[in-house]
Amino acid sequence: MPLIKIRDLHFYRGDRAIFEGVNIDIYRGKITAIMGPSGTGKTTLLRLIGGQLRPDKGTIEVDGQNVHKLSRTELYELRKRMGMLFQSGALLTDISVFDNVAFPLREHTNLSESMIRDLVLMKLQAVGLRAARDLMPAELSGGMARRIALARAITLDPMMVLYDEPFTGQDPISMGTLVNLIHRMNAAMGLTSIVVSHDVTETAEIADVIYLLSEGRVIEKGSPVQLKRSSSQWVQQFMQGLPDGPVPFHYPGTSLAEDLFEQETS
Amino acid sequence: MIDTIRSLGRWGLSSFERLGRGHLFLIRIVAGIPELFLRFSLVVHQLFSVGVLSVFLILISGLFVGMVLGLQGYNTLVDFGAEESLGVLVSLSLVRELGPVVSALLFAGRAGSALTAEIGLMKSTEQLSGMEMMAVDPIRRVIAPRFLAGLISMPLLAALFSAVGIFGGFLVGHGLLGVDDGAFWSQMQVKTDWYDDVLNGIIKSIVFGFVVTWIALFEGYDATPTSEGVGRATTRTVVHSAFAILGLDFVLTALMFGEE
Chain A
1 MPLIKIRDLH FYRGDRAIFE GVNIDIYRGK ITAIMGPSGT GKTTLLRLIG
51 GQLRPDKGTI EVDGQNVHKL SRTELYELRK RMGMLFQSGA LLTDISVFDN
101 VAFPLREHTN LSESMIRDLV LMKLQAVGLR AARDLMPAEL SGGMARRIAL
151 ARAITLDPMM VLYDEPFTGQ DPISMGTLVN LIHRMNAAMG LTSIVVSHDV
201 TETAEIADVI YLLSEGRVIE KGSPVQLKRS SSQWVQQFMQ GLPDGPVPFH
251 YPGTSLAEDL FEQETS
Chain B
1 MIDTIRSLGR WGLSSFERLG RGHLFLIRIV AGIPELFLRF SLVVHQLFSV
51 GVLSVFLILI SGLFVGMVLG LQGYNTLVDF GAEESLGVLV SLSLVRELGP
101 VVSALLFAGR AGSALTAEIG LMKSTEQLSG MEMMAVDPIR RVIAPRFLAG
151 LISMPLLAAL FSAVGIFGGF LVGHGLLGVD DGAFWSQMQV KTDWYDDVLN
201 GIIKSIVFGF VVTWIALFEG YDATPTSEGV GRATTRTVVH SAFAILGLDF
251 VLTALMFGEE
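Order-wise, the sequence lines are chains A and B.
Under our numbering, think of the first position of the first sequence as 1, with each following residue one higher.
Under our numbering, think of the first position of the second sequence as 1, with each following residue one higher.
Don't read these hints as lab results, they were simulated from the structure.
Incorrect hints may have been included.
[Unchecked claim] Just the calculated beta-carbon pair ranges, DEER-fashion:
{"id": "1", "chain 1": "B", "residue 1": "242", "chain 2": "A", "residue 2": "117", "range": "45 to 53 angstroms"}
{"id": "2", "chain 1": "A", "residue 1": "138", "chain 2": "B", "residue 2": "13", "range": "38 to 46 angstroms"}
{"id": "3", "chain 1": "A", "residue 1": "21", "chain 2": "B", "residue 2": "52", "range": "50 to 58 angstroms"}
Treat the numbers as computed from the prediction; the structure is a model and nothing was measured.
Ideal Cβ placement from N, Cα and C applies to all residues, glycine included.
In isolation and in its complexed conformation, chain B is listed as follows (with noise of 0.2 angstroms):
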């Protein structure tokens, strides 16, 4: 019984400490941001293997999403003769949820485990080590630029995420199923709002950039270094973005959309 309570207490102080290592982290990351826009090639060079390289993903990943809600929402739409707002039901979907959500977890998926993965090798490489006694702040040289990259890239990838998705609902509705493409298009224009929809879609994607690419970094840094720590890391960076995601986006819809 005394060992469990221990256990517990244990678990939790470290808990906590690794929480509170993590937002130290995140300060010194953001103070080292600045700096960043000096020697930009640094983040562009980052924005290719964090950005760029998970573009096919999304697309792929975007244009069936779009798809599969094109055949879903007009077959619930027939019923009630509604099915020329296949448009809108799409494109509401995918802007305000599935396109930053999903565009998330994928992002997470393919580059925070990259990029933990990354982190973690330097370190037990001594790589990371090799450059403070290089007299070079890891942080300001390794680890900020990559952030600026996720934080960057997020968003882009979850726009490009729902256009092709729209498209793909498109193609089926239109191209599939008969729906009228002047009244796909229009009805689309008219029930998405600019800043209701599209902007609180983009915040979001934002704040999952945000929080996944500190957390992918994190994860690295915080590794233990063996070949064993650096895939547990990878795996936590994983599991640990996914319910932060999930959980951020209910909160973020509530105070976006809880007022309606």
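Bound conformation, chain A alone (with noise of 0.2 angstroms):
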């Protein structure tokens, strides 16, 4: 049985439709990656995971749950079991590193101060920035601080890690520590993780399955290998990052020949 179950997925954002009838099914232990062309609603399908957006249509199943049948306690009961990491980070600026990380524990448990600081120090440890506890969030790389937020993510041992463009505005060092550390953390924590991302070369060498959306639906899924044996032009375009194919290099518009006449002609 899937961990995340959805089932005729539609949202709109006003008449725009992002998701018209999606279903995915994500199994326990594995990477799932959802990639797709900017603006096809990767981040909105983990904020709807997340519970933060109510779908149109449709269900969520998370762990047997619908997300958005459940009351605000249970909803935030589910989310101590969620971990999310987000594109920026989003790491609380006015306090520091460790401060970030133990958030969680003191806000959600009754540890004495002693054991916050071995269990911080030891996610610290595990995305490699044990020293850095003391600086401020503004005082971090790029990299460094989705570190943090990683680490922070999965501070109360989460069934399952959404993350958010992981990979996105990062140097090659600091995207292999990422890539590495996602596929590490799932592997000995028995995690789920959710990877959205466009980032092809990557993300294929950690996913198990990927799923392609694209216009509000799943063009394509399989394993990495089974994508770029796949027959569909739009995913060969898509996997190789040619700049045309199905999706043309041009916006959709008049030609440019009529363009050109329309402008002599008035």
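Take each chain as given, in its own frame, and dock them per the hints.
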């Protein structure tokens, strides 16, 4: 049975359809990647799973519970078992790295300060930034901030972690570090990971299953190898990053000749 | 023509919707206040940034307002040979009106705008959203302590403003213009009533503190999460707070002193 079951998901922003009948299964212990061009609502999907947005139609079940039928208290209980890594890191800027990682523990448990210290240091050790504990978020590089945010996301030992564009805007070294961390943690902690990304190479390296989304639908799903062998031109264009194909290079409109001619006559 | 009516209708609807959101927001804040007494350190931290950091501005402004009142009051009173009543004039003006109103206006500019900017930036950097995903309600954890801190700080700041103002009036009246100090203080004590004047002033400042903090926090929480959006929200806080303070001051004054 999948940990997350998305059925017939519809979501609209004003008149614009973001999802029109999306079905996704995310299995325990796996790394599932949700990929697609920018603006296909990948981040929106994570917010729907986390219960921050409501679908217009369809259901999302996490661990057997319909996320959008839960009371506020039940939803918060469920979120304690979900970690989320925001694209920006979303660290609290007025407290130190240590306090950021300790934040969920202090809010949700009655552990002693010495116990909290031990746990926080262990999580920081896991992301390789134990020595950076006294820095303030403003002093961190983008990659460090994301690793700290990752440490914070796993502080409560969640059953799953949602990653929102973890590789965007990273230099090759910190990109490699993050790829490695996501992969290692998923195995070591028995997590279920959902990675939303459009970085094909990095994601394909660690994902067990990839869902390709475009224009509100699942275009293709399968293992990275299956997708690379897909006969669909669209999938090939996306996986290989070709500039032209089913997704045209030119923004849809009249042809150049027509445009030039129009100007001449007017 | 139709377009004008349509945009007027849209504006009306969105204004009412915002008003509704603002009130729901307030209900959620108030619901979060009881548990703050178990974690009062959160409020103490905010009392410092909202209240203590405004003290200097309030003290300096209060002193100057009091000194000006002393000068102006003396020039008017001396024509009637009533300069001994300067203490009464200064204290009543401050305690009833200027103390609560001017300190609230300053509070809106100093603390209110800072609150809006802080909350707005927390929103735009996904910090509020991040808290929600960590199963921490940002309204209870971030907003409610700031609200309570504003509510507690405002009357205290207004009291400081009035006290320093009266002292400023005395400095000018006695030190500069030679009004008898005994007359200044004794007349002031006799004519300033605890219930009618001081308490009504305190009630005003509590109401102003409530409204200014509410506006500031809501504007931040409801801000469009861009730098332009946060900038506009900050401006709105100061403008709306000023309107609210002056409008409410009239209503409260009419209720408190209208029948005299």
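Exercise. Given the range 38 to 46 angstroms, decide if the beta-carbon distance of residue 138 of chain A to residue 13 of chain B lies inside it.
Key: holds (41 angstroms)
Quiz item: Is it true that residue 21 of chain A and residue 52 of chain B lie within 50 to 58 angstroms of each other by Cβ?
Solution: holds (56 angstroms)
Quiz item: If you check the beta carbons of residue 242 of chain B and residue 117 of chain A, does the distance land in 45 to 53 angstroms?
Solution: holds (47 angstroms)
Hint compliance for this structure: no hint is broken.
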